[in-house]
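Using the sequences provided together with the hints, build the complete structure.
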Amino acid sequence: MAELAIVLQQIVAGLALGSIYGLVALGYNFIFNAVGIVNLAQGDFVMLGGYIYGGTLTLLLGLPFLPALILTAVAMAIFGIVSQRIVYYPLRDAHPRMVMLSTIALGIFLKNISLIAWGTYPVSVPGLFGQRGLRIAGVSILYQYIFILVCVIILLAVQQFFFRKTTLGKSMRAVAQDRLAAMLMGIDAYKVIAITFAYSSTLAAIGGVLLAPVFMVSQVLANVGLKGFAACVIGGWGDITGAVIGGLVVGLVEVFSASYISSVYKDAIVFAILIGFLIFRPQGILGRATEESL
Amino acid sequence: MRGSKLRNVSLVVIFALLACAEPLIASRFYKFVLALAVINVIMVMGLHIIFGLTGQIFMGMAGFWGIGSYILALITTRLGLGFWPALLLSSLGVGLMGLVLGIPTLRLKGYYLSITTIGFGEITRFILMNWSPVTGGVFGVFNIPRPNFGSFVFTNDAHFYYFSLVLAAILAVIASILEDSKYGTAFKGVRDDELAADAIGIDSTGIKVMAFITCGLFVGIGAGLYSSLLTYISPEVFTLEESFRFVTMVLIGGIGSLPGAIVGAVLLTFLPEMLRFLQSWYLAIYGLIVLGIVIYQPAGIMGALQGYLDRRMIAARREGKEYGAS
Numbered sequence: 001m002a003e004l005a006i007v008l009q010q011i012v013a014g015l016a017l018g019s020i021y022g023l024v025a026l027g028y029n030f031i032f033n034a035v036g037i038v039n040l041a042q043g044d045f046v047m048l049g050g051y052i053y054g055g056t057l058t059l060l061l062g063l064p065f066l067p068a069l070i071l072t073a074v075a076m077a078i079f080g081i082v083s084q085r086i087v088y089y090p091l092r093d094a095h096p097r098m099v100m101l102s103t104i105a106l107g108i109f110l111k112n113i114s115l116i117a118w119g120t121y122p123v124s125v126p127g128l129f130g131q132r133g134l135r136i137a138g139v140s141i142l143y144q145y146i147f148i149l150v151c152v153i154i155l156l157a158v159q160q161f162f163f164r165k166t167t168l169g170k171s172m173r174a175v176a177q178d179r180l181a182a183m184l185m186g187i188d189a190y191k192v193i194a195i196t197f198a199y200s201s202t203l204a205a206i207g208g209v210l211l212a213p214v215f216m217v218s219q220v221l222a223n224v225g226l227k228g229f230a231a232c233v234i235g236g237w238g239d240i241t242g243a244v245i246g247g248l249v250v251g252l253v254e255v256f257s258a259s260y261i262s263s264v265y266k267d268a269i270v271f272a273i274l275i276g277f278l279i280f281r282p283q284g285i286l287g288r289a290t291e292e293s294l
Numbered sequence: 295m296r297g298s299k300l301r302n303v304s305l306v307v308i309f310a311l312l313a314c315a316e317p318l319i320a321s322r323f324y325k326f327v328l329a330l331a332v333i334n335v336i337m338v339m340g341l342h343i344i345f346g347l348t349g350q351i352f353m354g355m356a357g358f359w360g361i362g363s364y365i366l367a368l369i370t371t372r373l374g375l376g377f378w379p380a381l382l383l384s385s386l387g388v389g390l391m392g393l394v395l396g397i398p399t400l401r402l403k404g405y406y407l408s409i410t411t412i413g414f415g416e417i418t419r420f421i422l423m424n425w426s427p428v429t430g431g432v433f434g435v436f437n438i439p440r441p442n443f444g445s446f447v448f449t450n451d452a453h454f455y456y457f458s459l460v461l462a463a464i465l466a467v468i469a470s471i472l473e474d475s476k477y478g479t480a481f482k483g484v485r486d487d488e489l490a491a492d493a494i495g496i497d498s499t500g501i502k503v504m505a506f507i508t509c510g511l512f513v514g515i516g517a518g519l520y521s522s523l524l525t526y527i528s529p530e531v532f533t534l535e536e537s538f539r540f541v542t543m544v545l546i547g548g549i550g551s552l553p554g555a556i557v558g559a560v561l562l563t564f565l566p567e568m569l570r571f572l573q574s575w576y577l578a579i580y581g582l583i584v585l586g587i588v589i590y591q592p593a594g595i596m597g598a599l600q601g602y603l604d605r606r607m608i609a610a611r612r613e614g615k616e617y618g619a620s
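Protein chains in written order, with the working numbering: chain A, 1 to 294; chain B, 295 to 620.
Treat each hint with caution, since some may be false.
Label-pair restraints from in silico Cβ distances [to be verified]:
{"no.": "1", "chain 1": "A", "residue 1": "Leu-168", "chain 2": "B", "residue 2": "Tyr-602", "range": "46 to 56 Å"}
{"no.": "2", "chain 1": "B", "residue 1": "Glu-613", "chain 2": "A", "residue 2": "Thr-120", "range": "37 to 47 Å"}
{"no.": "3", "chain 1": "B", "residue 1": "Gly-495", "chain 2": "A", "residue 2": "Ala-117", "range": "46 to 56 Å"}
{"no.": "4", "chain 1": "B", "residue 1": "Thr-525", "chain 2": "A", "residue 2": "Pro-126", "range": "44 to 54 Å"}
{"no.": "5", "chain 1": "A", "residue 1": "Thr-120", "chain 2": "B", "residue 2": "Phe-433", "range": "21 to 31 Å"}
{"no.": "6", "chain 1": "B", "residue 1": "Ile-579", "chain 2": "A", "residue 2": "Leu-60", "range": "38 to 48 Å"}
{"no.": "7", "chain 1": "A", "residue 1": "Leu-168", "chain 2": "B", "residue 2": "Pro-566", "range": "39 to 49 Å"}
{"no.": "8", "chain 1": "B", "residue 1": "Leu-382", "chain 2": "A", "residue 2": "Ser-262", "range": "30 to 40 Å"}
Derived, one-sided and incomplete: chain A residues facing chain B with beta-carbon distance under 8 Å [unchecked claim]:
{"no.": "9", "residue": "Met-98"}
{"no.": "10", "residue": "Ile-113"}
{"no.": "11", "residue": "Asp-267"}
{"no.": "12", "residue": "Ala-268"}
Please keep in mind that the hints were generated in silico from the structure rather than gathered at the bench. Every value quoted in this text rests on a predicted model; they were computed, and no experiment measured them. Heads up, the beta-carbon is just placed ideally off N, CA and C, and yes, glycines get one too.
Encoded structure:
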């Protein structure tokens, strides 16, 4: 019974972490679908979101959760637009390899500028619930985990509505499907691409805000980017549902391998599974995207 | 001056400058940095083959470097073998890693390859750090011997430097010959247009695996020399940042140019030391510099040099024509 309770706790923790990885994976996918490049600074965007929310808005300015969340999202959306202007737009006709290098360079810059701005010590953010949790029948589940799951579900529902019903959402999908055709239909593709970057950065920022109370905010938070990438591969590239499922898988694998195999090697195990997928099932679980698309 | 001629002349000039630099540097510390630079030159030649020539962004250099360093360190200290067999084994060992890593990942393109190799580098670091019974864990490995010829041991840092420089020069010649061979052409074909390369009958997967193995052979030699120069290694050196530093070396010099990669390696070994006074700002500025190069000078230093020479040649021709007309 006690064993079952622990497993249940871990499943919730894994799903909560995994849903964040799913958000990061969505960020990769939107940019990839729109411009065919992978923003390798995505993890650093998560870290930056966490720092802006935790380090500046919460601890320094003492803002309550909701205004802090909204301000972080807005700041990161603007940052997304600015950064695509620097790392993507000048290189839009160059080989995707160059964009990849420029996003890696941006990531290095962000990691180190945040060290200067927020210091080398990890920033600890209490969050809405601190370490309090739900206790039922020996099972103890942190409120933060439940909160993360609820937030992500709401976000996904809003996103679904946005892409299906709004003009902007439809034009984003059109640009992702065929940029040239979308431009011929009168869509300002570069504006839409800028908005796509803004949205991806916002997703990363929300990930950072929700993760901040779970992990402390430090450079290590940027590793979430690699987990998100693993989620993309495991779920299948270019696929919205796949990204979320892949994220959940990565989260569960991480939590269970930390407690049953080795907490030191948990990241290595995630990578090993990623490599396994690349070898045996490069199209991912859902298997819609083809290998050739990369 | 075109292509391989510019390369050969540049290589001769670079190695001559490196040979002259040692006595001119007074500080013992900078002499040591110079030796490190030559070791990085050897390793970056490996990356030049996989990234510069074949166009694959390999982000696991630290993994290769770490494995090579530990192979030499463990073989000499634990098994008691001499420096030479150990250096050979570290080269072959990392070459074998290239094969092991290459076969599954090289069917994949672009981002998959980069992320997988990031994963490879990180897993390697975890293992070096945590597999204590073999690797010594966080304490690393001590008392790694210096190279020797019979009873003559390169304990003197200047001797070690020239020894490494000669090895680097030999490897540069090998890399140049490889670049001019049909394999070099195939490497570049895969880089410039993989689909077209496949279409004219180049086995692009096989070529990529071969580039990976060659990269491993080169890096293994550099990594072995690294352990031997320091005589002590610890696992926390072999980070993702280091992997990216190697990629940046190739980028700064000019992707696809061997002398460029070498200049990049020397620059990026000295730059962090010379910019120490910037302290924590250094890496942030470094990120910005790399970003600037990617955007404004993607052809790197050698690309700029080539462009300058081309413009001068065109100007000279134009002048000649005008004189001819008058």
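Any of the earlier hints contradicted here, and which numbers?
Checked against the structure, the hints that fail are numbers 2, 6, while the rest are satisfied.
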